[in-house]
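2 protein chains.
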Amino acid sequence: METSRKPVLYSYFRSSCSWRVRIALALKGVAYDQAPVNLVKDGGQQLSSEFQSVNPMQQVPALKIDGITLSQSLAIIEYLEETRPDPRILPQDPKKRAQVRMISDHIASGIQPLQNLAVLQQMGEKKMEWAQRCISRGFKALEQTLQETAGRYCVGDEVSMADLCLVPQVYNAERYKVDLAPYPTIRRINKALLELEEFKTSHPSRQPDTPPELKA
Amino acid sequence: METSRKPVLYSYFRSSCSWRVRIALALKGVAYDQAPVNLVKDGGQQLSSEFQSVNPMQQVPALKIDGITLSQSLAIIEYLEETRPDPRILPQDPKKRAQVRMISDHIASGIQPLQNLAVLQQMGEKKMEWAQRCISRGFKALEQTLQETAGRYCVGDEVSMADLCLVPQVYNAERYKVDLAPYPTIRRINKALLELEEFKTSHPSRQPDTPPELKA
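So the sequence lines, in the order shown, correspond to chains A and B.
Okay, so the first sequence: first residue is 1 according to my numbering, each after it adds one.
Okay, so the second sequence: first residue is 1 according to my numbering, each after it adds one.
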């Protein structure tokens, strides 16, 4: 596919949804520029009128690509898959594709939004406890699902969209000090994925907007 | 596609995610049986060990179809689209498909999970206020997005997955008494969709588990 300009990714180093898209871009070998949006500074730069004109949803990630601006990480990843199919991150078999999407949505709709900044701010003192409970509950179900779907990775032996959701969610779990001992399959897959170059270069500790003290 | 048995939909009449799938099944003319799961009775039947063996995620909807059991409404809808493509509910153009998925994910990840039962229970007295704030904030962004993407429906003039998410979310907004006056595009599209037979028959007021006093 011919593209006249380099895509621009609006992202925040620590945003797990941004990380999903960074992995997809890396796997597909798409060169891009990053436009950092600091979710904490200035009361949240995503709320600025300048960024709102980029993405009315006032969230990262957003991707300017092929003349359009997309938001919502999974919608962006599906678009990349359809327009840059090589290497694929959705299996060919419809039932396996459904499993990949089911796991992705379980994380993207069932876990991440509940431990998102806006919700946690409402929880006051119960913040850590709430985040831990949401993630643990989601991981318990996920562990059981993965026991049926996983090979080396979440679904079989090929890296898929589900893996792009898993690793950033485990990173969040570690941030909120969730005990990962009860989830051996999640831990095994996460470890295998973090050995891949595309997961390393896209890691929150290695982004242009990563503060020096958190740089790897 | 040949199917040996009729699909079984595990659902709850009032669950907005269940309604999304009921619309998809209706649009695609798939005959199915319903297995009601009451999210309120007995402390939540979705938490029973019996249902957990159907869906480890302990959520409705879940769909038994073609020998597998799927959960997560959008993953189910994408599977139906891939295996029963006629009539299509994703446009052919990749950019328009991306817009449909972006709007769907905005509702399914960005709005609905925040006003879900489990979160609201944490909010105590602030419950209504919280639900209203989440939905209003999401609708404000959605209204702005729709002004660019909409025709008769959310994206152009064909019913798409985005519409399957919109109508149940507006139903929730009405339940939580959200003022819809600031969202004329959302209201217009919702009204046009509710005139379609498939949105009527799948409505929460017309399901096998709808309590008599709520039946239409």
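Honestly, the hints are just simulated from the structure, not real lab data.
These numbers were taken from a predicted model, which means no experiment stands behind them.
Accuracy of the hints is not assured; some may be wrong.
Identical copies carry no separate label here, and so any pair may be met within one copy or between two of them.
Here are the computed lysine to any residue pairs in the SDA-like style, where the Cα-Cα straight-line distance is at most 20 angstroms [to be verified]:
(1) K177 - E129
(2) K200 - L117
(3) K41 - P91
(4) K177 - G29
(5) K6 - K95
(6) K177 - Y32
(7) K96 - I68
(8) K96 - Q144
(9) K191 - A118
(10) K96 - D209
(11) K6 - Y171
(12) K215 - S136
(13) K127 - R187
(14) K215 - N172
(15) K6 - R133
(16) K95 - M123
(17) K200 - D93
(18) K140 - A118
(19) K95 - E81
(20) K96 - P85
(21) K6 - W130
To see whether the hints hold, each was checked on the structure:
In this assembly of identical chains, the alpha carbons of K177 and E129 lie at most 20 angstroms apart only when taken from the same copy (10 angstroms versus 30 angstroms across copies). In this homomeric assembly, K200 and L117 never come within 20 angstroms of each other (Cα to Cα): the closest approach is 24 angstroms inside a single copy and 37 angstroms across copies. In this assembly of identical chains, the alpha carbons of K41 and P91 never lie at most 20 angstroms apart, being 40 angstroms within a copy and 39 angstroms across copies at closest. For the homomeric pair K177 and G29, neither the shortest alpha-carbon distance inside one copy (33 angstroms) nor that between copies (47 angstroms) is at most 20 angstroms.
Taking CA atoms no more than 20 angstroms apart as the test, K6 paired with K95 passes between copies only; the shortest distance there is 17 angstroms, against 34 angstroms inside one copy. In this assembly of identical chains, K177 and Y32 lie within 20 angstroms of each other by CA distance neither inside one copy nor across copies; the values are 33 angstroms within and 43 angstroms between. When the C-alpha separation of K96 and I68 is checked against a cutoff of 20 angstroms, the pair qualifies only between copies, where the shortest distance is 10 angstroms, while the shortest distance within a copy is 30 angstroms. In this assembly of identical chains, the alpha carbons of K96 and Q144 lie at most 20 angstroms apart only when taken from the same copy (16 angstroms versus 35 angstroms across copies).
In the homo-oligomer, the alpha carbons of K191 and A118 never lie at most 20 angstroms apart, since the shortest distance is 29 angstroms inside one protomer and 31 angstroms across protomers. Neither within a single protomer nor between protomers do K96 and D209 lie at most 20 angstroms apart by alpha-carbon distance, with minima of 36 angstroms and 32 angstroms respectively. With identical chains, the CA atoms of K6 and Y171 are never at most 20 angstroms apart, being 29 angstroms at best within one copy and 41 angstroms at best between copies. Within a single copy, K215 and S136 get their C-alpha atoms no closer than 28 angstroms, and across copies no closer than 38 angstroms, so neither meets the 20 angstroms cut-off.
Neither within a single protomer nor between protomers do K127 and R187 lie at most 20 angstroms apart by alpha-carbon distance, with minima of 24 angstroms and 36 angstroms respectively. Taking the shortest alpha-carbon separations for K215 and N172, only the intra-copy value of 17 angstroms comes in at or below 20 angstroms, while the best inter-copy value is 43 angstroms. For the identical chains of this complex, K6 and R133 are neighbours neither inside a copy (41 angstroms) nor across copies (37 angstroms), given an alpha-carbon limit of 20 angstroms. Taking CA atoms no more than 20 angstroms apart as the test, K95 paired with M123 passes in neither setting, with 39 angstroms inside one copy and 38 angstroms between copies.
Taking identical chains as interchangeable, the C-alpha atoms of K200 and D93 are never at most 20 angstroms apart, the minima being 29 angstroms within one chain and 33 angstroms between chains. With identical chains, the CA atoms of K140 and A118 are at most 20 angstroms apart between copies only, with a shortest distance of 16 angstroms across copies and 24 angstroms within one. In this assembly of identical chains, K95 and E81 lie within 20 angstroms of each other by CA distance both inside one copy and across copies; the values are 17 angstroms within and 12 angstroms between. Taking the shortest Cα distances, K96 and P85 sit within 20 angstroms of each other both inside one copy (17 angstroms) and across copies (17 angstroms).
Taking CA atoms no more than 20 angstroms apart as the test, K6 paired with W130 passes in neither setting, with 40 angstroms inside one copy and 40 angstroms between copies.
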